[in-house]
Amino acid sequence: MNAPAEHARLARQHLIDPEICIRCNTCEETCPVDAITHDSLNYVVAFDKCNGCLACVPPCPTGAIDSWRNVEFVKPYSIEEQFSWDLLPDTTELDGFEASVAGADEAIPDEVQQLTEAATAGQGGPALAPWSAAHPYVNLYPPARPVTATVTGNFRLTAEDASSDIHHIVLDFGATPFPVLEGQSIGIIPPGTDANGKPHLLRMYSVASPREGERPHYNNVALTVKRVTEDHDGRPVRGVGSNYVCDLKKGDKVQVTGPYGSTFLMPNHPGSSIMMICTGTGSAPMRAMTERRRRRRDQKEGGELVLFFGARAPSELPYFGPLQKLPQDFIDINFAFSRVPGEPKRYVQDRIRERADKVWAMLQDENCYIYICGLKGMEAGVLEAFRDICRAHGADWDTLHPRLLANARFHVETY
Amino acid sequence: MINYSERIPNNVNLSENKTLQRALEHWQPSFLQWWGDMGPENSTNYDVYLRTAVSVDPKGWADFGYVKMPDYRWGIFLTPGDGQKKISFGEHKGQDVWQEVPGEYRSTLRRIIVTQGDTEPASVEQQRHLGLTAPSLYDLRNLFQVNVEEGRHLWAMVYLLHAHFGRDGREEGEALLERRSGDADNPRILTAFNEKTPDWLSFFMFTFITDRDGKFQLASLAESAFDPLARTCKFMLTEEAHHLFVGESGVARVIQRTCEVMQQLKTDDKDKLRAAGVIDLPTLQKYLNFHYSVTSDLYGAEVSSNAATYYTNGLKGRFEEEKIDDDHSLQSADYTIMDVEGEQIVTRHVQALSALNERLRDDWIADVQAGIDRWNRIPAKFGFDFRFTLPHKGFHRKIGLFSGAHVSPDGRVLSEAEWTHQHKHWLPTEEDRLYVHSLMGRCLEPGKFANWIAPPGRGINNQPIDFEYVRFN
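As they're listed, the protein sequences go chains U and E. Per this note's numbering, the very first residue in the first sequence carries number 337; after that it's consecutive. Per this note's numbering, the very first residue in the second sequence carries number 40; after that it's consecutive.
Extracted from the complex, chain U is given alone in its bound form (with noise of 0.2 Å):
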């Protein structure tokens, strides 16, 4: 079956027969979180309650109780609209996938959710995966069951008297599976416990390898970290999660969650192109979609790769040396750096002005699909080149955005 034509999260929804049910209050009195309420015609289930924990299934006296619809996330029957029904709605063919309910264990956790929704704020429209992005696995291990992955590497990218403290580490999942997607994002649970005596929440980190993982044909995914030393004001703190990470050795055991993430996804169809906007660890699901492109190089699928990337020097830039070596004839780098002795700043919009004509040739490319990743710093300057692009060839961005969104063609995930 495909995937629903967008990828948009699912959510399990649980409601009540309305043609089965008796109207007996069972499963209100029965209801540990109070999600079940009725008026004079229908007793209804509120989504944003339910979490699924089925107390209420055995005593229902008629299975009423027990009726499901996927349903999109953003989207659920509300209440009123329950109370109005003679029937249950038809099935959908949102139905076909699997879904779990939203306030269930099995659901995307809330950290997961709130990081997500302010990663993707910037895009300006509702995030749909590129048509032929592979099929996402999402949530397959929560919080609650989370898979033990070992540690088979820890490299530090940036050069050693840099500024930032980057890290490449290379997790293996043994023989638990675990399929992740270039821009999919894993969860990690810090050991311990936070100053209020609970366990850490997950942090998540975006996939630096390819699908077949960074050692191809081992159960294996690498991620691109930045040790956090200080906060967004510059303030001094120790990132519990990233120092947690950065410092791990080899055949240290991590509690890993998800995979996350359903629509930052690469094209997979011969000709698409991927314009590639990135700083610092943002680098990860473009390395992830490099290395996936360059893997099948010999396969002659056609499509460009155009890279813009943003650091405050070469030594600051994950994967300078690598990147390097790849074939101009395979992709197009364009670095910008701002903090070069003796170099005017440089960053990456002024790179993407620079380059105005292979932009505008890019986005008018309806096989061009854009990803923006990195410091929510980027996101103005960017949108602000774009602008500038567009009104020089008689174009208003504000009408090709929503174009572009409507396709599946402009991404952006930035914190």
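Do not take every clue at face value.
[Unchecked claim] Cβ-Cβ distance ranges computed for the label pairs, FRET-style:
hint, chain 1, residue 1, chain 2, residue 2, range
1, U, D431, E, A419, 24 to 30 Å
2, U, W467, E, F103, 42 to 48 Å
3, U, D583, E, G104, 52 to 58 Å
4, U, H568, E, K132, 55 to 61 Å
5, E, P226, U, T373, 39 to 45 Å
6, U, D431, E, E64, 52 to 58 Å
7, U, D431, E, K132, 48 to 54 Å
8, E, D102, U, A457, 46 to 52 Å
9, E, V389, U, T373, 31 to 37 Å
10, U, A511, E, G104, 34 to 40 Å
Keep in mind the hints are simulated off the structure, nothing from the lab. Beta carbons are placed, not taken as given, at the ideal position from N, Cα and C, and that holds for glycine.
Got chain U sorted already, so can you dock chain E onto it with the hints?
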């Protein structure tokens, strides 16, 4: 020696209370004897796919499996208390609920419990022959489920009598097994429970309408200041729901089947439909009228000082007492009731406290009406104009302000002569009953249903409809 902690699932620490255990040890053989004599006929060797409550948590009380009914584990369950509960109405409102019976209310509470308890074995007795004419294995199983759970409700009441009423309670426990439904010498306490349940249509109407009275009585007792009674009734309500389901869906399936045949034959002619072996909708309406009016009497007189006293003393609350937004003492509120004056039906305002029977009846009527509305969707779906309606509250009443009058279903006061002439249009006649009776034949092939009733939409516990719900040995 019976191992009570194993044999009788319970959450009342039965094995630690030796006095109670001895009392129940003494009572259990009498109960099994009663079940053998008066329980479902010829059924003792059947393996029935039953739901047994094995604990009070949501998962524990729906344990499905094949059981021989005499081996059913009749358990004793009280909805757990939190130890914080306060009395929510009456003159003791705000005080801690009672864990023991206050001396001054002892005889009244015993009476209430015995009256409720008496209905439980009574309905088993009323229904004991139905198994011989079951329209399907599915329905047979549902009948037996209802029966064993009525048995469990009897256990629940007997537990209260044994645990809290000493020797009086034990004697009442024995008497509950000695009265017999319909027995001229030693009948059950309430009239409706001495009526016959002669056929499956009556059974479905009974479980839809009369067990719904049970729901409302249990719900008002679940508010009681006597906490063991309140928590017992609360748990019983969850089982009562299955009985209501059997009734509502049973009648709905009869309506469904009749509508199917009406559509096939393109007729609503009674004789043609009867020739085709289904029950015409007007006859169903008559059965509804009968069961509705007989059950309505169970609520007692519209104006009742007993009901007022029960309420003020905290023994019996209103339906969903704690959800009602008022002073919960009803000292100054009033309530509207109907009365007959000459040939007119009039409304009167009376003290709300004295009208609590009527109020509970009104709550029940609203609940029955909602079920009728759901039934009416079936003819509507087929495009037929027929709609079921509830008769007037005063129709065919033997107790209360209407008992001396003859009231038509549409609420007109009739003369004796007019009533005599007309009632055959409103209540099942001998001919109607004989016809319905003639349909009752056993249909026990898995997945097969008697011609007069449609299959259900779903099986029990997600089992298929052709599941072998009862195995005969």
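Going down the list of hints, with the structure as the test:
A hinted range of 24 to 30 Å for the beta carbons of D431/U and A419/E is consistent with their spacing of about 28 Å. About 47 Å separates the C-beta atoms of W467/U and F103/E, a value consistent with the hinted range of 42 to 48 Å. Taking 52 to 58 Å as the suggested C-beta distance range, the pair D583/U and G104/E conforms, at roughly 55 Å. Range check, H568/U to K132/E: about 57 Å between beta-carbon atoms, so the 55 to 61 Å window is met.
The supplied range of 39 to 45 Å is met by P226/E and T373/U, whose beta-carbon atoms lie about 43 Å from each other. At about 54 Å, the CB distance of D431/U to E64/E agrees with the hint of 52 to 58 Å. Taking 48 to 54 Å as the suggested C-beta distance range, the pair D431/U and K132/E conforms, at roughly 50 Å. Remark: the range hint 46 to 52 Å for D102/E to A457/U is upheld by a beta-carbon distance near 50 Å.
Taking the beta carbon of each, V389/E and T373/U are about 33 Å apart, inside 31 to 37 Å as hinted. Taking the beta carbon of each, A511/U and G104/E are about 37 Å apart, inside 34 to 40 Å as hinted.
Comparing the model with each numbered hint stated earlier shows that all of them hold.
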